[in-house]
Structure formats: C-alpha cells, structure tokens
Amino acid sequence: MNKLFLVIFLVVSQWCRAQEFQAGDFGILADGQTLNTRSIQAAIDHIHEKGGGKLVFSAGNYVTGTIYLKSNVTLHLEEGASLLGSNNPFDYVKDPYVNWQSMIFAIKQRHIGITGKGTINGRGFQTAVNAVQNVHRGIVEDELKLDRVREWNRPENIYFRECEDVTIQDITLRDPGSWNQTYDQCVNLLVERIKVDSKSYWNNDGIDIVDCRNVVIRDSYFDAADDAICFKSHDANAFCDSILVENCVARSSASALKFGTVSRGGFKNFVVRNLTVYDTYRSAITFAAVDGGFVENILVDGVRSINTGNVIFLRIGDRWSQGKKPYMKNITIKNVYAEVPLDKPDAGYNYEGPIEDLPRNISPASIVGLPEYKIENVRLENIELVYPGGGNPLYAHRGTDPSELDSIPEMADKYPEFSQFKELPAWGFYIRHAKNIDFKNVTFKAARKDYRPAIVTDDLTGGTWTGVRFEEPQSDEKKQYIFHNSQNINVD
Amino acid sequence: MKRIAYLGLFFLMAANVQAAEYNASLFGCKSDGVTNNTSSIQYAIDFISGKGGGTLHFYVGRYLTGSFELKSNVTIELHEGAVILASPNVYDYLNYSGSRALIYANGQSNIKIQGKGVIQGQVPLFTANMENLTSKGIVRKDSQHLLPDLIRIENSEQVTVDGIMLLNGLENVQSYIGCRQLSLSNQIIKSNAYGSSTGIFLSACSAVELRSLYVDASGKPLREEGKNEIRLQENCVTPNGKKL
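Chains W and B supply the protein sequences, listed in that same order.
Under numbering that gives the first Met the number 0, the final residue of the first sequence carries the number 491; numbering is consecutive throughout.
Under numbering that gives the first Met the number 0, the final residue of the second sequence carries the number 243; numbering is consecutive throughout.
Okay, chain W solo, but in the shape it has when bound (with noise of 0.2 Å):
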C-alpha cells in the first residue's frame, strides 16, 4: 500500500516539477549563424516523448526555420535568449493544415507554453524581401499583390491552431514577416506580461486570436506596424467567445483593438479593461462584422487614447457573408478619454500607415450598419473626444442637405476603414443604419471650428442622449446635430 503512495507521489511530483532540459545538450548552439531547426525539433520530440518539461534556452542567439511545439512542451527563454528566424524563406514550412507560414507551430496539441524573458525575433524584413525575389526569379508562385508576397508565404512568429491549455509568459516578440502570433480555434489561452514591438513589414499583427475560447490578454504592451490586439474569426461555424482582455497598451499603425477584418463566424462575450492607446495610425477601437459574423454582448470599460487618427469605428458590411446575416448589438463602451491629432499620429515610426481615401478632414468616430442590418443597443459613456477641427470646405466638402447626405457611398463590400467614406458630415460623430444608440455623459471638443456640425444620424432609430455637450470656438449660433432620417430619439 505504502508502495502504491510512494508511486504515486513520485509520478505526480515528476509531472508538477516539469523537468527541464538545456537546449545546449541537444547541440542546438547560441552563436547566432548555426540553423538550428533540426536540433531544436528532436529536442522538442525528446521531452514530448518523455512525458513533457521545459526547453531552455539560455542566453545567446539560436537561428531556427519552423518548429513544432508538441503537447506538454514548453519553451522556456531565458533573459537574453533570442529565437532568430532563418532569412532564407525556404527554411519555413507552409503547414498544409493551415496553410501559413511560422516559425513555431502547434497544432492539435495540449498544455504548451512559451514562456521567459528571452526575445523571438523572426528578422522578417529580410526574408520577406528575399521571398519578393524568389518570385521575381519565377522560382516561387505569388500574384505580388501591391508588390509584396501574400502573407500567407511569409513566415509569423508564432502560429497555433486546435491547441488546449496554452501559455504566453513573459516573452517579447520582433519583427516576423506576417503577423507576429495567431491563435486559431485555442481553448483556455493566457497571454500576460508579454511585449510586442514589431515594425518591421507589411501585416506585423501584434496578436491575432482566431476563432478562440476562454482567452486572457493582460499587463501586455504591444507596438505594431499593423493591428495590435485582433480577433478575428476565419471560420463561419466558430467564434471567439469568453475574452479578458486588461491592463494593456497598444500602439499601432493602424488600428489598436479590433474584430475583425475577416469576421466570418463572430465575436462575443469579451470584456476589455484598462486599454491605452497612443501614436495610432487608424482607430483606437474597430468592431467590424463585415463577412456574416456578429458581434455581441461587449463591454469595453477604460481606455486612454492619445495622439490617435480615430476613437470608434463600428461597422457591419457585407463582403464575403455567402448569404449569413451579419449583426451587431449590445456594446457597451464607458470611460474613454480620446485624443485626436491634426497631424499623422504615427509619423516616424517604421512601416507607417498609408496616407489614404484623399481628400478628406479629420474623420469623426462613427457607427455604420448597412439598410438591411442596423447595429442596436450600443451605449457610450463617460466620454471625452478632442478633436482639432478646423475642417476646410474647400478642401474636402460634404455638406447636411438630406440629398448630400443620402450620396454617401454604403461601400458594403469594400474594405471597412473609418476613412473609407472619405469626407464625412460630422466632426465628432457619425452614425448610419442604427437602433437604439444611447449617449450618457459624453463631450465632444475642437480645438478650432470646423465647417460641420458635431453629430449627423443617418437611418437611426431610437436613442437617449443625455448630458451631451459640445465644444467648439465660434460656434455659438451653430447647430451641433442633424438628425436624418431618424427618429425617436430623446435629447436632454
């Protein structure tokens, strides 16, 4: 009996001490020339096969291609350990399941980890621009749209797809030639005190949770030349569901939180504390249901966004739905200071935002839903938008009458971008296709006057607002909002 105990303890104990093995013993070396690919792969098997542990890598440089993690495998940098992706594009596998590029893969796999101070670095600029002329030589197929590889053929950092119980801890992640991580269909994801500071090429996502359930992204920071904290949703019969997202700071040149842009399945249940945002390009905060998806039951509480082009962008189009209807309803965002600059808020930064949808003045926040799917019952609250005015006529016009109004483009099927109205009517908000949109608290101010009213509905239908005020120089006699074609709402 006593024997029994004695087994058992030993087995259990084994298990929760989750041994450790030094990659150095594998032959893998830290000299940051050797490709190390192969060596790291059987040392990954090795521990795999020998019921699971932790590799550790110490500090030094180890070149690798793709790898894959496998279950209770964790990869353990230590402080000044740094995975530097191979340059040359054929060391990464294509994996045929997922049909991308990585460095580390992991798929179908359990209790994994990636974990330390160390750095993943996939030097992604130079092997995107070798992949570039791989294709010019006609030894590689890619259509170069917008004179760049797809990102699909060009390796991420990181790229996990079916995987159960997984840990991100600790680690900074550079400069893959994709985005820098995706988790696609994970359960049980904790992603905490991680850095990303990636502006090295087209699409460098911050992170990208695909299609995932019961995830936590906290005390994280995140600078990225694309997105920085994205879900999406790739599957039409999956969704991203039960999401803690707090205590983050996103920079990016394009948009800081966002669903979407592939938005197939849908998005609910998230709930996002205590987000800062500064020097972004696009929007602090993008909601997109644009390919048959929903989004529901949102609440994010607290951000802080300086120096950022847009606060807001909700959005419901209709581009590769195939016939599923697209909604959107019960948001609800509170706590928000907002700062918008005259100038491009991430000039300066590598891989800035394209200067784009000309000419057009400072964009307002907006929610935009198409005729024949409104977005319903968003609140907004506590909120301060300041804004530089100052919007030229003469420059780019687009006036209240209810026929200039009505001219404005519904662009279902385009790419959904705050700026893809390109002139808007309003200053501070816009909002089209709606129901129910209720503003509790919330000023608007320009720091010079602009030619147009704060706010312009278009198709809104029910609405409390109360303790709405604005503020904008010389603009006694001005009438701050114009309601068209809409009704039902109650100002106060």
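One thing to keep in mind: the hints can contain errors.
The calculated DSS-like cross-link candidates involving lysine-lysine, where the alpha carbons are at most 30 Å apart (straight line), are [said to hold, decoys possible]: (1) B:K242 / W:K477; (2) W:K93 / W:K116; (3) W:K448 / B:K219; (4) W:K478 / B:K241; (5) B:K226 / B:K242; (6) W:K324 / W:K267; (7) B:K219 / W:K343; (8) B:K115 / W:K144.
These aren't lab readings, by the way, just hints derived from the structure by calculation.
Given the coordinates of chain W, work out where chain B should sit on it, guided by the hints.
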C-alpha cells in the same frame, strides 16, 4: 497576303508601342522608409527608358530616395499609399545645372508622374541638417541654391503630373522651366513646414494646363517668371478659396 503582312506589321508596332509595366521591387526598391533607394530607382528608369518606355509602379509603402532623373517615355505610377520620401541629407541631391531636385528631368519628352500617391519632403530634418553644416562652416550661409525642389523639370515636353499629393517642399515644391505641353492636375499640395514655400514655379513654359489643384503653401501658390502661356486654369484654389 500583303494585307496580312500589313496586319502583322501593325501588331508588331502595337506591341512595340505598348508600354511595359515594372514593379519597383523588381529593382530591389524597399518600402520601409529607411533604405535609400536612389540607385535602384535610377537604374529602373534608365532600364525602362532603354527598352523604349513603360511604367514603374510603386505600391503602398515609403520609398526613401535622393535625386533621380526622369527619362523620356517613362511613367512613374504612385499607387494610393505609396510615398516617395525625400532624403533629409543634402548630399543625396545632385547639382543639376546649378539647381537641385529630388525628381529632375532635362530635355526629355513624354514624362509622367501619376497616381494617388505622395511625394514628401522631410523639411524639419533637412533644415536641421543644413543648419548643422552651416554652423560648422562646411556649407556657406547663402546656400539657398542647395535647397532641392521636390520636382524640377527643364526644357522638356509632354510633361504630366497628375493626382499626386506633394507634401513639405522647401523653396519650391515643383519647378518647371522651359517646358512645353505641361499638364498639372488633381494635385493636393501642402507645404507649410518651410518659411516661404512656393507651390508651383513656372518659367518660360508654354501650353500649360492647370486643373483641380489645391495649393496650401506658406509662400505663393503659383509663382511665375518670364513669359508663360497658361492655356487653362480651372478649379484651382488655395485654402482661402482664392485662385492661384
């Protein structure tokens, strides 16, 4: 038979005239805003011109460069989001007949810059570098002639700059001297970072057409020298609603 021969000849000629399309990446241009692409861009233009002409396409991205010269029958197409970014280093600019420019041409015909893209100067950085050089006595104080234009075209014909946004020039955003059949259209010019910046400088040009220009410049929107024949000016305004 003769007919077929003519037809064949026609197709051959048509194929010959048909402009070829080239991506900037083919010549190693990098869109990171950091790599200096001068040599690649110049090689591309010379190459395309040598093949009888064509279009060099720049897609979204920021292409840092110093001076390069346009050649006959070459079109620079800046797609939406593409930025030709002027180097802040004065030594990256060549001295062309006493003047400097980011994009220069002399004695060429049928040259075009078109698209929704941007040509952007880096004025605060450039002037800071100049001040540094003057303070060390390396560059003389009266060094105005060193200030590059974003575009300077001399003695050329069939010159078109269509749809481009021009940002932050120095003394002259764009200069055209002794050009014939010059068409500037659909441009947005914003140049307020330098003390007195001229939007468009024209000297001894004929058959000039100005269409749909929005010129927001700290100096004159349009400055003329000598005799110019402006055949058409329509829908050209400053931020105050004045004509050029």
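Here is how each hint holds up against the structure:
The straight-line distance between the Cα atoms of K242 of chain B and K477 of chain W is roughly 29 Å, inside the 30 Å bound, and the hint therefore holds. Distance hint between K93 of chain W and K116 of chain W is fulfilled; the C-alpha atoms sit about 28 Å from each other, no more than 30 Å. Distance hint between K448 of chain W and K219 of chain B is fulfilled; the C-alpha atoms sit about 25 Å from each other, no more than 30 Å. Between K478 of chain W and K241 of chain B the alpha-carbon distance is near 28 Å, which keeps this suggested pair within the 30 Å criterion.
For the hint pairing K226 of chain B with K242 of chain B, the CA-to-CA distance comes to about 19 Å; that is within 30 Å, so the pair holds. Among the hinted pairs, K324 of chain W with K267 of chain W is consistent with the structure: their alpha-carbon atoms are about 16 Å apart, no more than 30 Å. Distance check on the hinted pair: K219 of chain B and K343 of chain W sit about 25 Å apart at the alpha-carbon level, within 30 Å; holds. Of the supplied pair hints, the one linking K115 of chain B and K144 of chain W holds, its CA atoms being roughly 17 Å apart against a limit of 30 Å.
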